[in-house]
Amino acid sequence: MLTLSFSTLPELARLLSLFGNEQRLAVLGAIAVEEKYAREIAEELGISRPLAAIYLRQLEKLGLAEAVSRTSDEPPYLRRYYRAVPFEVVLNLDVITSLQRSKDETG
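Just so we're aligned: 13 in full-length UniProt numbering is position 13 of the sequence shown, and the numbers increase by one with no gaps anywhere.
Some hints could be false.
What the hints assert, rightly or not - Label pairs and their calculated CB-CB ranges:
hint, residue 1, residue 2, range
1, Ala26, Pro76, 18 to 28 Å
2, Ser69, Phe6, 29 to 39 Å
3, Asp73, Met1, 27 to 37 Å
4, Thr8, Ala67, 39 to 49 Å
5, Ile96, Ser48, 28 to 38 Å
6, Ser72, Ser17, 32 to 42 Å
7, Arg101, Ser72, 44 to 54 Å
8, Arg57, Gln100, 29 to 39 Å
9, Phe87, Ile54, 17 to 27 Å
10, Gly46, Val89, 26 to 36 Å
Hints are computed from structural coordinates only; laboratory data are not their basis. Even for Gly, the Cβ is constructed at its ideal location relative to N, Cα and C.
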């Protein structure tokens, strides 16, 4: 299981911002049980395919999703399937205090 870590307050804020978006969380939930491609997710969630693709790339960049390209017998012939990577986030006051101390020490 992937443990998400952060070394600065801005990194933590970016991660929390990603999780603070209901649609991104829904996309992550949509690929938690079975892999899907962007159009499937978009139709399931009622969002545009380009928006689903953006969210999927963001999740992939953070390591929360993995993608694999597969060929199909029908158009589109090449599809990129996504699945969620099991992860956990450990966050408590000690972590925040430690990040704040690091920020204060580096200026």
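- [ ] Could you work out which earlier hints the structure fails to respect and list their numbers in ascending sequence?
- [x] 4
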